[in-house]
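Engineer: For reference, the chains in residue letters:
There are 2 protein chains.
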Amino acid sequence: MTNINLVSEYKCFDGKLGFYSYFSTTSNGEMRFAVYQPPQATQKPVPVLYFLSGLTCREDNFMIKAGAQKWASKYGLMLVAPDTSPRNTGIAGKNDQWDIGTGAGFYVDATEEPWRSHFQMYSYIIQELPTVINTKFPTEPNQTSIFGHSMGGYGGLMCAMRNPQLYKSVSAFAPIVAPIECSWGQKAFSPYLGNNQKTSHEYDASQLVQKVGYHSSILIDQGTSDQFLTGQLLPNVFEQACGKIKQPLNFRYQAGYDHSYYFICTFIADHIHHHVKYLGLID
Amino acid sequence: MTNINLVSEYKCFDGKLGFYSYFSTTSNGEMRFAVYQPPQATQKPVPVLYFLSGLTCREDNFMIKAGAQKWASKYGLMLVAPDTSPRNTGIAGKNDQWDIGTGAGFYVDATEEPWRSHFQMYSYIIQELPTVINTKFPTEPNQTSIFGHSMGGYGGLMCAMRNPQLYKSVSAFAPIVAPIECSWGQKAFSPYLGNNQKTSHEYDASQLVQKVGYHSSILIDQGTSDQFLTGQLLPNVFEQACGKIKQPLNFRYQAGYDHSYYFICTFIADHIHHHVKYLGLID
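Keeping their order, the protein sequence lines are chains Y and G. Just so you know, the first sequence maps onto residues 1 to 283 in my numbering. Just so you know, the second sequence maps onto residues 1 to 283 in my numbering.
It is possible that some hints are incorrect.
Copies of the same chain look alike in the list, so a pair counts if it fits in one copy or across any two.
In silico BS3-like links for lysine-lysine, alpha-carbon gap of 27 Å or less [said to hold, decoys possible]:
no.	residue 1	residue 2
1	K16	K65
2	K244	K211
3	K211	K187
4	K244	K198
5	K277	K246
6	K44	K16
7	K277	K70
8	K74	K277
9	K211	K246
For the record, the hints were derived by calculation from the structure and aren't laboratory data.
Work out the full structure, taking the sequences as your base and the hints as a guide.
Structural biologist: Here it is in structure tokens:
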């Protein structure tokens with residue numbers, strides 16, 4: 001097992017927030033992640049909730065801005081926030097655009113050059129990172145859920161639907177539910193995945209849900225004043241897809257909220273509550 | 001009355017968070033501040049709680065990181081967070097050091113050149129800014145309290161003790177309670193105030209409390225793992241000063257916490273609760 005390096009650590013809500021780096025074999029380079037261990041974790045293994053962040057974010061944004069630690073501390077839940085892509089990969093042009101390359105991994109396993117040697121975020125999220133977390137931290141490895149924001153909201157939905165056995169529940173804030181139908185998704189999928197429609201569809205939340213559904217109700221919050229609502233997020237595509245297969249969905253339009261963490265922090269307690277219910281921490 | 005410019009606005013916990021700029025006559029230049037208006041403020045005037053930030057901070061840090069909006073929304077409390085100094089003043093060397101000049105106003109009225117023409121933070125905080133806030137926002141102008149962090153914790157204590165009629169209550173996170181006895185304070189007070197000991201003492205929280213006391217109990221939280229505890233913050237100086245005059249003081253050492261916003265967010269609810277009690281929002 002690889003070593004992980006503690007970059008910094010903070011006491012927070014009686015638990016421990018740590019930022020870590022290590023050499024990721026999947027990403028073929030350094031990866032960073034943040035872990036909040038609730039106070040209960042000093043006594044016994046605890047369930048884990050993964051948060052996948054949006055475009056340009058790092059492993060720290062969620063821990064700084066979302067206000068989730070309060071609730072994780074209350075319920076005894078570990079929080080894990082990975083970075084949104086490998087960094088310092090040496091790939092030419094990796095930092096040239098904010099919506100592809102560094103900070104924009106889109107949670108897919110790239111099949112194309114020059115990305116494929118590092119950008120394997122799907123495998124990283126569903127396999128390597130959980131192995132690291134379950135080895136190095138006091139987790140209940142079979143009690144795991146996932147959620148995220150924007151690109152990470154899409155990532156959480158997609159990872160959960162493709163791996164229903166790994167995640168007890170899923171929720172999202174303002175997710176990119178139909179990446180193959182919006183310019184953000186198209187711009188990233190084409191260089192990462194080539195023009196393989198089958199592969200692209202397997203990474204598209206709205207396509208996926210029609211094929212495989214999900215075993216528990218999906219919670220989504222979406223601000224009505226979100227600047228990306230009609231151009232990129234396309235919530236109606238996912239709502240219609242869920243409707244076709246009668247997928248249980250609690251899709252909440254939140255009047256006047258935008259795409260920011262001020263929206264996320266307002267509803268974070270509801271999302272944590274959704275997950276701790278499925279993780280058996282409350283009735 | 002001067003115009004204020006809305007820089008950006010976000011819905012948050014059913015209220016409205018705005019970032020503003022305007023020309024400050026006291027500061028002789030642009031100043032920025034943040035205001036969180038709770039949902040109750042659309043119906044009636046509400047009390048105001050000012051938060052003074054620490055060295056290097058701007059008007060946004062508190063609103064991004066402290067998690068206070070949740071509680072302000074619950075109780076019907078307006079939050080105001082000013083910047084920590086004028087910026088873009090044209091003063092030579094203003095940005096050369098992080099602990100004097102830009103981002104380090106220390107909440108004093110500078111008497112010395114080159115600072116005195118812009119760095120009038122004491123008058124700005126106790127006079128000009130409240131006038132702007134009470135004119136432009138739905139406040140109860142006589143229901144005001146103040147708190148802060150580090151340099152701003154000191155600033156809140158000092159402003160409250162020098163103006164007990166303006167502030168119903170005061171609290172602080174890891175305040176610099178004795179600026180005249182630590183290097184941060186000495187380094188700033190000397191160029192801002194010259195070598196006038198009387199003036200310096202009037203800005204020192206531990207000197208002030210012995211002379212004037214305060215009309216309500218002071219709440220202070222201090223992490224025991226704070227990296228600045230013994231070198232700069234000197235809490236025992238303030239505790240001894242309060243002891244001498246039997247000033248009611250709830251000084252809480254919080255085991256294992258450091259100087260960061262992860263410490264502040266952990267205890268923010270207690271501080272808001274302290275203030276809303278004195279502001280008459282709860283019994």
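Engineer: Evaluate each hint against the coordinates.
Structural biologist: Outcome of the hint check:
For the homomeric pair K16 and K65, the shortest alpha-carbon distances inside one copy (16 Å) and between copies (17 Å) are both at most 27 Å. In this homomeric assembly, K244 and K211 come within 27 Å of each other (Cα to Cα) only inside a single copy, at 10 Å, whereas the closest approach across copies is 74 Å. Proximity of K211 to K187 under the C-alpha cut-off of 27 Å is restricted to the intra-copy arrangement: shortest distance 24 Å within a copy versus 67 Å between copies. For the homomeric pair K244 and K198, the shortest alpha-carbon distance inside one copy (21 Å) is at most 27 Å, but the shortest distance between copies (77 Å) is not.
Proximity of K277 to K246 under the C-alpha cut-off of 27 Å is restricted to the intra-copy arrangement: shortest distance 22 Å within a copy versus 49 Å between copies. Only within a single protomer do K44 and K16 lie at most 27 Å apart by alpha-carbon distance; the minimum there is 15 Å, versus 41 Å between protomers. Proximity of K277 and K70 under a CA criterion of 27 Å is satisfied in both settings, with 17 Å inside one chain copy and 23 Å between copies. Taking CA atoms no more than 27 Å apart as the test, K74 paired with K277 passes in both settings, with 13 Å inside one copy and 25 Å between copies.
Taking CA atoms no more than 27 Å apart as the test, K211 paired with K246 passes inside one copy only; the shortest distance there is 12 Å, against 72 Å between copies.
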